[in-house]
Each structure stands twice: as C-alpha cells, then as structure tokens.
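From just these sequences and the hints, can you work out the full model?
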Amino acid sequence: MTGIDTAPPLAGSANHPPRRRRRLPAETGAVIALAVLVALLGWLSPSFLKPASLLSVLGQAALPGLLAIGIVFVLASRQIDISAGAVFHLAATIAALLMVAGTNPWLAALAGVAAGAGLGLINGLLVIALRLPALLVTLGTWWMIQGLSLVVGNGQTIAPPGLDGLAALSGNMFAIVPVTGIILVVLAMAMHVVLHRTRFGYRVQAVGSNPQAAAHAGIPTGNIRALTLVLMGAMAGLAGVIHIGVQGAVAPGDSGTFAPLAIAAAIIGGTPLSGGSGSVIGAAIGMLVLQTILSAMTLLGVDAIWAAFATGALIVLALAVDRLIRLWRERRTGYHRDDPLA
Amino acid sequence: MSDSPILSLRNTAKRFGGTVALEDLNLVIERGSIHAVVGESGAGKSTLARMLAGIVRPDGGIIEFDGKPVTIDSPQAARKLGVGVVLQHPGLFMERPVLANLFINREPLHNGLVSRHEMEARSRDLLRQLGIAIDVHAPLHDLAPGERQLVMIARALLGNPRLLILDDPNSALDQRQVERLVAVLRGLRARGMSMLYASNRLEDTLAIADQLTVIRNGRDVLSKARQDLTASEEAMIGQLRQSLFPLPLRALPTLGGALRPQISVTGLGGGTLSGVSFTARTGEIVGLAGRAGSGIRELFATLFGQRRPREGKVRFPDGDGVPRNRTEAARRNICMISGERGHGLMPDKSIAFNLANVVVGARDWGSRWYSPGLAVDRAARQIEALRIRSTPQMPAGSLSAGGQQKVIIAKWLEIGPQVVLLDEPARGIDIGSKQEIYALIRQMAASGCVVLLHSNELSELTGLCDRILAFHQGRLAGEIAGEDMDIGMLATLIASGQPTDEGLRGKRESAA
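Listed in order, the protein sequences are those of chains A and B.
Just so we're aligned, residue 1 is where the first sequence starts under my numbering, counting upward by one.
Just so we're aligned, residue 1001 is where the second sequence starts under my numbering, counting upward by one.
Be aware that one or more of the hints could be misleading.
Partial chain B-side listing against chain A, Cβ under 7 Å, derived [claimed, not checked]:
{"id": "1", "residue": "1274"}
{"id": "2", "residue": "1326"}
{"id": "3", "residue": "1327"}
{"id": "4", "residue": "1330"}
{"id": "5", "residue": "1344"}
{"id": "6", "residue": "1345"}
{"id": "7", "residue": "1348"}
{"id": "8", "residue": "1349"}
{"id": "9", "residue": "1361"}
{"id": "10", "residue": "1368"}
{"id": "11", "residue": "1369"}
{"id": "12", "residue": "1370"}
{"id": "13", "residue": "1374"}
Which stretches of chain A does chain B cover? Using the computed rule of at least three CB atoms under 8 Å from a CB of chain B, they are [unchecked claim]:
{"id": "14", "segment": "198 to 210"}
{"id": "15", "segment": "218 to 227"}
Calculated from the structure, these hints are not laboratory results.
Owing to the predicted nature of the structure, the values given are computational and were not obtained by experimental measurement.
Note that beta-carbon positions come from the ideal geometry of N, C-alpha and C, so glycine has one too.
This is the structure we're talking about:
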C-alpha cells in the first residue's frame, strides 16, 4: 500500500514530534536488589564476599532457577502454573526409579525430562479442552501429581546406585564454578533469546498481552498456551533430573517451596503477572536475589523458627521495591494500564 | 458569584511522556449551557474529559469550578464537586447486573443493606426517558453496545451532577437512541445543568450545542456561541465533513468481470442466517446493511472461520471453502477488521509489536525468528503511509482511538489481504481518521481485494460501496446499486425486508 492523500492541512495541525526517551530494562529492579543485598550481606559478614560462597549461591539458585525460566513463559502468556514443584518431584522420582531398575542413567534422565513435558502436556490439554484458567487446572493437577509421586516413590527416599556421568553435575568447573550454575546461566540466556527473538516467543507475548486480539489476528492461542505449559513441565523435569545428579537421591518433600520461589523470582525479575512481557534473565537474577536472602538467614544465624517468616518478609519487600520502580517508570513513559493488578 | 461560569480552564497542559496531549488550552463553560468540544482524534478531547473526571492530572494551568480555583486530583474529588462523567472507555462491570452498575459506589442503604427496591424506583423514570427497555437485573454483557452506553449515561445522571462531561456519548447509538438522548439532555439543560459534550459526530454536535470550541493538537483554536458562527468558520469546521468519502479509484477496468476472482456464497445457513447467496468480485466494495440480529455478524464470523456453517457453500478466491478457524483464515489472507474495541490491539505492546501480529504471529512460514529491527522498519513504513502520529516504539495504547484503528488496519495490510471483512471499521473515531480509513478501504478494493463492508451508518455504505446487500432477519432482503443507492430506501429494506413505496417516503423524511 502506498501513501494516501486526503485531509487538507489545517491551521495548527503541525504534529508535535514525540520525544524519544531511554527506557530502563525490565531487569533493573532485580539487579539493584541483588547488588544492594550482596553489599549489605558482605558488610555484615565479609566472608560472604569470597568468590566460593558467592558462586555457591549460584549453585543453589540453579534448580529453582530452571523452574523460574519455565514460569516466565507461562506468566508471559497470562497463565500461571502452580504444579511445577510437584512435576519436578515426580520427574525426579520416575528417573530415580528407572535408574534403580537398572536403566542407563542418561536414558533414565531423558525419561524424567519427557515425563515432565508429558505432565505439562496434560496440563495444557486440560486448559484447552475445558477452557479453564491454568490456575484452576494446575491447582488440581498439583495435588494429583504430588500424590502420585508419593505412591510411585512409596514415600521413601530413593537413592539410585550407579549415577555414572550424572554425578558430575554435583561438581565444579574451574575448581569453584558449580556446573548447575553454568547450566542455569546458559539456559537463561538461550531462553531469553527464545522469548524475545523467535516466533514462538512473539506469540507467547502476544497471547499474554491481549488473548482476544491475538486470536483475532490468527495467532493459534490454544497451541501456544499448551506449549508454554509443556515447556514449563520440561524445565521442571530437567531440574528434577539434575537434582538426582547433584544430591544422588530424591526424598519426599524435596521440592517443597520451588513453585512459589520460581513465581516470586520471575516477578522480581520483571515479568508481570498480567502477562504480555517477560524477562528470562531477570527471572534468573530474581532467583539469585531470593537465594541470597535464604543464605543470609543461615549466614547471619537467624533462628530457624523465624527464618521462614523473615524470608517471606524480605520477598514482600523485594516485590514492593520492584513495584515502586515500575510505577516510577510508568510515570516517566506516561502510559499505564487500566488494569489495577498489572 | 452566581454569574461566574460553572467551569473555566486557563492554560491547561498535559503531556504523556514525550507526547503532548493538551497545550495551553482555554475553555469556559457557562451555567446551564451545552458546550461542545470538537476536534480530530488525538486533538485532546478525551484527555480533557479524563482530566475533569480526575483520572489524569494536569501538568499546569488553572481550573476554576463555580468561580473558585480547584484541583481535581481523584475521581472522588470530581464527584464531590458535582462533576459527572461519561467516558469513552467506560468503567463498566460486565458481569454485574444493570442496577449494580447504575449505583456503583452510591448504593442506597436500608438498614445497612443495599436496597434493590429503592434502586429500581430511582432509576425507573430515568431509564424510561432515555428509552431503554431492559431488564435491570440482567448482567450488562447481555445488553447491546448502544444500551450499555445509555446505561453509562444514566449512571452519570443518577449522581445529579452540576456539570456533566460527555466524551463521545453517541458512538454506539443508533439514530433513534441519539434523538432520545438529545431530548433528555435538552431537558436537563432547561433544569440548569451544564454540559461539556465532546463528539466526533459533527452534525449531532452542531444540533445540540449552545457554544462550541474547536481544539486541535491540544490547543483551542476557536471558541464561540453556536449562533455567532460565521459562514467561513462553519466552513472551516465543515472541512472535517467535506470530502469524507473519497472518489472511487478504478484500478481493474480492463479485466473481464467473469475472469476476476470472486467470493461466492451459496445457500449459506447457520445461526440466524438462512439461504444467503451472493457473489463479490475483487475490486468492488460490497456493503452489507442490516440491524442488530440481521445475521451479518454471523456471516462475518462464518467467513472468518469463527463459526461453522450449518448448510450452504462458500468459495473463496483461492478456490477453497470456509476456513476452519481464524488462524487458517489469516494464513489464507482473509482478514477481519472490527470496530469493536479490545478486539484488535495489544495496548501495552509497542506499535511495532502490534504490526507483526499477523505476519509473525499467525503465519507459520518464513523465518522462525522475530526480529525487532525488522518490526521497527515495518512499523516506520506503515506509520508513514497511514499517518499514525507516533513512533514505532510507543505502546499502541497511547494512541488516540483513530490511531489505534489505523494500527489494526495496518497489521492486516502487511500481509496483502485477498478478502477483507470490515465490521464497522470506523466506529467511534474522529472525522479526520475516518476519512483516511475510507480512503484506505477504497485503496484495498483498487489493489485487488474483495471488500465486504458492514456498517450501521447507512451514509457510510452509500458513500463508499459499489453495491449494497440488505439483510433482514438472517435473509438477504435485496440488493441496490448505482442510482438506487439511497439512505431512505436502504433503511426501509433493512427495517421491513421489502422495498415499499410508502415506507420509502416516510424514511426519506426522517433521514433528511
């Protein structure tokens, strides 16, 4: 289509050229929070600033961090998956049992990831078929999957004998960098590119921004919703398999707080609950923030009875700071959503 | 102080980021008068209304209400002053019943409980005056868009405001409803209420206004009493109206009619539709006229793959039948542009992102990657071609209503559509953008699309279309073309399903 010439120029109709402003990236809040926390903790307890202990935080962040990567895609498509922690546990249990039964550990690991993706697919199919919000579907399946891993694992710790190469996951590279941490960093960067530079990522954000408009523009919204849940399941399965490699065993209750941790990390990292955008790198940084808070508890010797409460309070604080930064940014750009929950 | 104006604005300014919405705006509304604010989309009408409603805060300037300087920093403050507002994007609660919407936040209490009885009693008269015959206990989403808009107006009136702000109150109303509304507003003016009336429909505005202010790019360029308007000033305002419908472009005169690809519909039925048959060729604009319930919506939904037809056959220019879903429709270059708000836009995403909706989002061929750089180039091109006043990086929600609609059209133009289904594509937007959109529709036809246009504004159909199909209760009632295209005749056809001479005369008078 070429240009059109219709309206005659009228008095006073010169355009005000809109000014370009530099926009802060979505991860700003998380980066600032991490820097402040590390500085504060280093000041309170200088031993924390040693590279080894900093990198161990990275190692701790790896497993829930993988879940956070998956949850970013789910949140960006305006859904939520609270069954991720349970999927993690069931995938780990299945992989461990296969190893106990004598399957090749790598094959068993692959089966664990596939089991995670399969559980995600069940979530996705339920969402499409029943037209139910993912929150309700995963609320139900969370319970089912949790129960299932108790049944399958018989409520006991499963420690597979020969782990072979998988055991390398518990080690370090270059002496101090945990292998799991490297996996997190590489996957976060790769998935960040997937979210922002591929057709799949584009569709995820489009569906999350306005599902009606997306459907109207011919974007296959159902497939995209299901695919994000499959991806979430696969990431949870992968995390579960790595968990076996690191710990050498899977115990009941191992995944306890993973799902809420992952969701909190994604939100701290700049992914809104209302969908439409997301930052995978931000979620990884958000998970580092959370793990720093958790290790601060032990490092500063907070009474174990109070640790859970203090952690929760700090997470609320982190969310509040992030929210305030966001409001400030919106005031600068002059556009804000009507949605009060955005 | 009783002779001071009810509201006066001096040097009011408002910026959104880098975009200037209002700049040095002055406005004086006299007591007991209707003050119309006219201007193109993006001129600042809605910002003005939202500012007086306490939703946006001005960056500078003085607001005097009732002779005293005031700050309206919240909707509560506006309500306290006695400012009632009817906004373009209403805060309506679709799942709640009509009554709950009418009395939101001022529910009458009886022994500490909300009194439904009193709500009914207090709203009954007003609803009758406005001519809404609805079940007040039905949820709002059961109502037609026009009825919803009237509910919104009724809600503002129930607060007994001293100053009523109406931002484009008649965009979803039909002619009869507009007449009712105008009668009610005149009655209120007689009882001393003052009103600010911002609208895109110039004729209605001129008919009702006592005073008139033209704003352009956030400044007031003319402010006068209605009867003092000189002919040249009226002509200046009228520029908005003139040449609304561009001359037809004929691009394919040499091709034989039979050879041109066409869409043919044979005996289509389903929903309210039954036995609909017609053909439309590339290069022509075929109008579809009909009231609510005439089946045009179903016809469009069927052609766009949203509904399965119960019977009948459709053959598209590419040789296939109806698409199975919207994704298939988009991939086969069948596009649907609707005036329904919220159906086409991702307001929080950038214009560049929105323009990639179909090219990247719907298609599954081409690159698997999404390149933001390419998207920005694409957006820059369309912004230039369609005169959208913004930059590719701005969120689409920051555009005016007309600009938003242009973005929706532009994203479909990107794929080079074969069949274009237009469902009131210019509803609720200003005259300037309307003109540009009409020119675009002409251009689509000239460049070889099959264009089907549905509109409730009959003048839009007669002005733009080569021929018009009239629908009545799911059936094709008749077809008019060429010299016969006349609003009165069309109105009769869609109202009764038959062209009778008697009805024709009557309708002509009322349409004039």
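Here's how the hints hold up against the structure:
Interface hint at residue 1274 (chain B): violated, since its Cβ lies 26 Å from the closest Cβ of chain A, which is beyond the 7 Å cut-off. For residue 1326 (chain B), the shortest C-beta to C-beta distance to chain A is roughly 5 Å, which falls under 7 Å, so the interface hint holds. Because the smallest distance between the Cβ of residue 1327 (chain B) and any Cβ of chain A comes to about 5 Å, under 7 Å, the interface hint for this residue holds. The restraint placing residue 1330 (chain B) at the interface with chain A holds, with a minimum CB-CB distance near 2 Å, inside the 7 Å limit.
For residue 1344 (chain B), the interface hint holds, since its Cβ comes within 7 Å of a Cβ in chain A; the closest pair sits about 5 Å apart. Annotation: residue 1345 (chain B) was flagged as interfacial toward chain A, and the flag holds, the nearest CB pair being 6 Å apart, inside 7 Å. Restraint check, residue 1348 (chain B) versus chain A: the minimum CB separation of about 5 Å is within 7 Å; hint holds. With 7 Å as the threshold, the beta carbon of residue 1349 (chain B) comes within range of chain A, its nearest partner Cβ sitting at about 5 Å, so the hint holds.
Residue-level restraint check for residue 1361 (chain B) holds (minimum Cβ-Cβ distance to chain A is 4 Å; threshold 7 Å). A cut of 7 Å between beta carbons decides the hint on residue 1368 (chain B): the least distance to chain A is about 5 Å, and the hint holds. For residue 1369 (chain B), the interface hint holds, since its Cβ comes within 7 Å of a Cβ in chain A; the closest pair sits about 6 Å apart. Below 7 Å, beta-carbon pairs count as interface contacts, and residue 1370 (chain B) has one with chain A at about 4 Å; its hint therefore holds.
A least Cβ separation of about 11 Å between residue 1374 (chain B) and chain A goes past the 7 Å threshold, and the interface hint is therefore violated. Note: the segment 198 to 210 of chain A has 10 residues with beta-carbon separation from chain B under 8 Å; the three-residue rule is met and the coverage holds. Coverage of the segment 218 to 227 of chain A by chain B holds. Counting CB-CB distances below 8 Å, 3 residues qualify, and the rule asks for three or more.
Hint check: violations occur at hints 1, 13; the rest are consistent with the structure.
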